[in-house]
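Work the whole structure out from these sequences, hints included.
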Amino acid sequence: MKLIRKIVFPFVPVYYLITRLRNVLYDRGIKTATSYNFPVICVGNLSVGGTGKTPMIEYLINLLKDDYFVATLSRGYKRESEGFQLGDEQSIVETLGDEPFQFYNKFGNDILVAVDADRRNGIKQLQSLDKSPEVVLLDDAYQHRKVKAGFNILLSAYSNIYTKDWMLPTGNLREPRNGAKRANLIVITKCPDNLSEARKTHIIKAIKPEKNQEVFFSSIAYDTNVYSWNQSISLESFNDFTLVTGIANANTLVKYLKDKQRNFDHLDFDDHHNFTDHEILFLSTKSVILTTEKDFMRLKQYDVLKDKLYYLPIKTKIDRPEVFDKLILDFVQQ
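All you need for the working numbering is the position in the sequence shown, starting with 1, plus 205.
Everything labelled a hint here was simulated from the structure, so no lab data went into it.
Treat the hints with care, as some may be off.
The calculated label-pair distances, taken between Cβ atoms and stated as ranges, are [as the list claims (entries may be wrong)]:
no. : residue 1 : residue 2 : range
1   : His471    : Glu339    : 41 to 47 Å
2   : Gln436    : Lys211    : 44 to 50 Å
3   : Ile485    : Lys270    : 30 to 36 Å
4   : Arg382    : Lys270    : 15 to 21 Å
5   : Val509    : Lys405    : 45 to 51 Å
6   : Val213    : Asp293    : 39 to 45 Å
7   : Gln436    : Gly313    : 19 to 25 Å
8   : Lys405    : Lys511    : 42 to 48 Å
9   : Asp428    : Asp293    : 23 to 29 Å
10  : Tyr282    : Ile209    : 22 to 28 Å
11  : Asp315    : Asp470    : 35 to 41 Å
12  : Leu534    : Lys351    : 22 to 28 Å
13  : Gln436    : Ser401    : 36 to 42 Å
No residue lacks a Cβ here, since even glycine has one placed at the ideal position from N, Cα and C.
Here's what the structure looks like:
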């Protein structure tokens, strides 16, 4: 894979110019973006996958849901449905996609969960509901320039900060690094718990934030229990299992479980992987399976896995949470 990425390096300037031109057209108002008279918060990244958007959306939901009626709007990547879909009791992972389905399963009717590849149409459909949302959270829409969010949160994983990355197809960047200037907040995610203040300062200097931008650092907080459809077990007593992941980067989870001295083998699939019948049959031969909450949404429908399938929930833990929360709440209250 690394060799192929080096071979296709001549295409990097072409991709750079195309995405740069597109941004310039929007920045100068030549291409129009729709803005709204209610709070729209966008969570996204410059790179392809693996920056922790899902736990960040859940953090925002928990921050806002007690005081505001919140909606999440996602593309619904790899879903089998088309157009606008609103989560309800008949929804399945194939109609919403794994991450929106996770939101609906976790928060139920406390929020609205919608999917639409056309975010403008998605917001229009949400606005037309009898009980329309007071706040819309856009999941992975940083490059969806047709919508002008009132507040942008840009995520970048600590293991591959965008300042050191290259454009596709050699690197992982979807657009040039200066796209970060559109963000109100920049969050370096998946940081080690012992990240020093000196290291934070070094990263901030490399980012060179604008005067109106704040930089935060977040880490993953793992639950102390693993969960199945009907029970929970302490992670300390959970051992000798098969770890099944279909996420962009499982390295952080693997390291955590190894540090906890858990004994396991690891089956690593592509992000948003659609499991085949053959793969499900193979997984059914395993005694105990641990997976991510997102993958659990896809796998829990299979009866042959029902009594052996568990997931480990995660949350986002942000440094200076009182400052972070205030910036979000101030925007929404305005």
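Structure-based check of all given hints:
1. For His471 and Glu339, the hinted distance range of 41 to 47 Å is satisfied, since their beta carbons lie about 42 Å from each other.
2. Against the hinted window of 44 to 50 Å, the Cβ-Cβ separation of Gln436 and Lys211 comes to about 49 Å, which satisfies the hint.
3. Hint check: Ile485 to Lys270, Cβ distance near 34 Å, so the stated range 30 to 36 Å holds.
4. Taken as a hint, the range 15 to 21 Å is violated for the pair Arg382 and Lys270, whose Cβ atoms sit roughly 34 Å apart.
5. Between Val509 and Lys405, the C-beta spacing of about 47 Å keeps the proposed range 45 to 51 Å intact.
6. At roughly 43 Å, the beta-carbon separation of Val213 and Asp293 lies within the given 39 to 45 Å, and the hint holds.
7. Judged by the Cβ atoms, the range 19 to 25 Å given for Gln436 and Gly313 holds: they are separated by roughly 20 Å.
8. Between Lys405 and Lys511, the C-beta spacing of about 44 Å keeps the proposed range 42 to 48 Å intact.
9. A beta carbon spacing of about 27 Å between Asp428 and Asp293 agrees with the range 23 to 29 Å that was offered as a hint.
10. Checking the proposed 22 to 28 Å range against Tyr282 and Ile209 shows it holds: the Cβ atoms sit about 23 Å from each other.
11. For the hinted restraint 35 to 41 Å between Asp315 and Asp470, the CB-CB distance of approximately 38 Å keeps it satisfied.
12. One distance hint, 22 to 28 Å for the beta-carbon pair Leu534 and Lys351, holds here, with the actual separation near 27 Å.
13. Under the hint 36 to 42 Å, the C-beta atoms of Gln436 and Ser401, about 40 Å apart, fit the expected range.
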